[in-house]
Every structure is written in C-alpha cells, then in structure tokens.
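Visitor: Take these sequences, add in the hints, and give me the full structure.
Listed below, chain by chain, are the residues.
Number of protein chains: 2
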Amino acid sequence: MPNIETIISPALFHLHEEDIEHKNVVVIDILRATTTICVAFANGAKEILPVSKPEDAAAMQQLGWIAAAERHGETVPGFDMGNSPQDYSAERVNGRKIALTTTNGTRALQMSKSARNVWVGSFLNMDAICKALLSDNHDILLFCAGWKDKFNLEDTIYAGALARKLSAQFIIEDDATLAAIDLYMAAENNMAGYLQKASHVNRFKSLHIESDLDICLKTNSTDILPVFTNGSIYPQNP
Amino acid sequence: MPNIETIISPALFHLHEEDIEHKNVVVIDILRATTTICVAFANGAKEILPVSKPEDAAAMQQLGWIAAAERHGETVPGFDMGNSPQDYSAERVNGRKIALTTTNGTRALQMSKSARNVWVGSFLNMDAICKALLSDNHDILLFCAGWKDKFNLEDTIYAGALARKLSAQFIIEDDATLAAIDLYMAAENNMAGYLQKASHVNRFKSLHIESDLDICLKTNSTDILPVFTNGSIYPQNP
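In order, the protein sequence lines correspond to chains A and B. Quick note on numbering: the first sequence equals residues 28 to 265 in this note's numbering. Quick note on numbering: the second sequence equals residues 28 to 265 in this note's numbering.
The hints are simulated quantities; they were obtained by calculation from the structure and are not laboratory data. Incorrect hints may appear among the rest.
What the hints assert, rightly or not - Among the chain B residues that face chain A by a calculated CB cut under 7 Å, a handful are:
no.: 1; residue: Gly91
no.: 2; residue: Asn179
no.: 3; residue: Asp209
no.: 4; residue: Leu210
What the hints assert, rightly or not - Keeping only pairs whose Cα atoms sit at most 20 Å apart, straight-line, the calculated EDC-like set for lysine to aspartate or glutamate is:
no.: 5; chain 1: B; residue 1: Lys175; chain 2: A; residue 2: Glu200
no.: 6; chain 1: A; residue 1: Lys175; chain 2: B; residue 2: Asp46
no.: 7; chain 1: B; residue 1: Lys175; chain 2: A; residue 2: Asp46
no.: 8; chain 1: A; residue 1: Lys175; chain 2: B; residue 2: Asp176
no.: 9; chain 1: A; residue 1: Lys175; chain 2: B; residue 2: Glu45
No residue lacks a Cβ here, since even glycine has one placed at the ideal position from N, Cα and C.
Guide: Given below as structure tokens:
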C-alpha cells in the first residue's frame, strides 16, 4: 500500500525529496495561490505559467498574456491582477493565458517539478484531487507552501482533510500527516471560524482577505485538476 | 505582553533567530534527551556537558566523567550509557558529571546558546519551566528538537501543553503554537495512547522504549530547572 507524507514547510522539502520521481505531489497554498489557480481554470483560463519574478510576468504581457504578480499579499503596482481569486472572473480570464508570480505557491511548484505528477490542490477541487491520487495509487507528498518557510494552519488543515479522506487506501505513519489530520478534525465543524485565528488571516485583515477566505473554503465547487508539467499549469478535465 | 513562538523543527530555527538574546528558549526532546537530563539531575548528577561527537564524550571519560552516547536510539558500543532515562539511576549518577551526545537534543541546545536563557524542558519539570518563564517574563521560543529535522508529535504536544498553561500571560499568534495547543488538547486525556501512534514510538518499539515512554510522561515529578550556560547544563534548584 503506498503512503502519504506531509511537508509542513518548504524548508523541510529536502527530507522528502528521495524517489520523488515515483511520488505524486499536491501543492497547497490555500491563501491564496492554489485556490486562485483553481478559480482561474474554472472560469476558462487556458494555461497558467508560474514565474519567479514580476519582471518575468511582465515580459509575457508583451505576448498577449495576462500578467499577475503578488508580493506580501498585495498586487504589484503595474500588473493586471494579483493573487486574489476575486480578480479571476470569467470576463477577465476566459480563454486567456496567465503568467503568475506569488510569494510561496510558485516556489513550491518549482521545487516539485521532478515528481511523478504535480497537482494543484485547494478545497475547491478536493474530490478531483482525491480521485486522481486514488486512481494513480503511488506514494503521496502533500506539500504545504506555507508563508516564507513558516508553518501555517490553513495549508496543514487542507492536507489533513485530504489525508483523512485517503486513509483507508494509503499508509499514514509520519507525524506531520497524523498531526494534520487531528488539526483538521479540530477545525472541520467551523473551518472559517477556526482559520480566523490563523496568523495569515490576521496578516491580511487590512487587505480585505476575509471575502477571499469564503471563496477558499468552497469545497468541491469545481472538478478541474490543474497539472503542473513542463514548467506550466494546464487544466485537466475529468 | 511578551509572546510565545514554537519551532517545530531545527530546520526552521533560522526563522526565529532574530533578537534571540532577548528570548528564553525551552529545548524539548521528550523522547528522550531532555527527559533523561531531568532524571539525571533529579538523581543527583552535578553537571551534564552536551557534546557533538561520541569521541568528545569518550575524552571526558579519562577525566572521571560518565560518558553517555546515543545514536539512532541506541547506546553507542563502549559507552557507559545511552539516552534512556532508565540508565540514569541515583546509584550511577549521584554526584557525578556526565558528558552526553544525542542525535537531536544536543544539537538543539548548541543552536540556542545565544538566547537570554536556555532551559531544558520535559513533562517531568513542567511546572518548574512554567514558573521560570512567567517570572522572567520575556518572549519565549519553544524549540522542538524533532527527529533528524522532522516534525514530531511528542515534542510538539509538550510545547502545546506549556503554551496553553502560559496563554493568559503571553501573546500567542503564530500558527505553530496554535497548532501545538490544539494537538495537546486532542492528546491530553490519553497521552500515552496518543503517542503510541507517533512515528518515534514505532521506530523504537524494538528498543523497548515503551517503558521509557511512561517515565517521559511523569508530569511534575521534579522541580529542578536544568540551565544550559557556558556550554554545559547545571541543575537549578527552586
């Protein structure tokens, strides 16, 4: 039976890198990169290219792409949009390609590139992620993007929710995954309330992230599976 | 009001290093270094010198010290004792000085050396640790030694137990501490049972750590406060 491990910070990625070419990675950045990527594809975006620097996104603008850049939770001045899922309406993104740079999510995707599959996970496409993991049936790394290498509650709780759903079909022995499941169980009856105490939510209070939080918790609102392959993300339909 | 942060792996220590000279650090390695240090002092040991390599401990043996060395959970062949609290009876350690090297605990102590105070915490001296932290009233780092940089449940749960006791007198805003408290609350009614699922306990099943686990959970069995200062650990009596 394959197993599930959880990476609770990018700074611990190296402990799980061995044999990564045989593992499926779910990259998790609930507030907000991986949520926003799911929203963009649900609203018709064709491709999302994660880039390291705002300049790289700006360069793609010349080629007709939408350029999206977020730093420290805010849209970088001069860019079409930032990291808020509310920016990615069908009116703006349907049929478009987007170059995106974010504080944590982009980096976690790049770090995972050698994996068997790299999927973009959020509450919005939770069942689609589960289905893909079950059907491929290989070892799983749940990769929490965190906040500048710090552990965060919202990514860990999502990892716990996924691991719990998969616990009958996968071995779960590492303490990080066991902890994630218990934290999810402490949160599940009132996710929004629970996450109100998360440092990330507090950090963004001034940036009106509260309305983003509701979007981030819309479980199974899409069945699209975003796949990171050859350096870019494409929507895979069921 | 000062705050509490929790370092859930030595690999994340660098995120908390700033201003460490104004912070009190509690080094936590429940299975088993910090538990064993408390047992040794409770049984009359005079000093414990944490050293990096077994050779360094062996060198002290020439000077009449007890040499203790653990690697991968086992006593290194040729040494007086390893890392099990059961080795540190009054018969063996009373009035003695001990040079000790362990997989994770020694390293966490060395990393913390610039802090305002470095105290050695375990369930055995929990109230003594709380009293010291309350009376000194500075920012706190709860430093979980982990297992080869991996997150572990037992150290995190102890951090949560401490943080919860101190929550009225300290600000708790970082997600790692909030998570540690919730994990402690999930575990508190059946600590031994809860920790049975921890990877560390499973790792040591073959080494008879189960009997050590009972010792590790003997809350407030001593009021000694081990202090790491000038490179060595001394018992501070109340």
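Visitor: Each hint: holds or not?
Guide: Hints, verified against the model:
| no. | hint | in the structure |
| --- | --- | --- |
| 1 | Gly91 | 40 Å, violated |
| 2 | Asn179 | 5 Å, holds |
| 3 | Asp209 | 5 Å, holds |
| 4 | Leu210 | 6 Å, holds |
| 5 | Lys175(B) to Glu200(A) | 16 Å, holds |
| 6 | Lys175(A) to Asp46(B) | 19 Å, holds |
| 7 | Lys175(B) to Asp46(A) | 19 Å, holds |
| 8 | Lys175(A) to Asp176(B) | 18 Å, holds |
| 9 | Lys175(A) to Glu45(B) | 15 Å, holds |
Figure legend: structure checked against the earlier numbered hints; the only hint not met is number 1.
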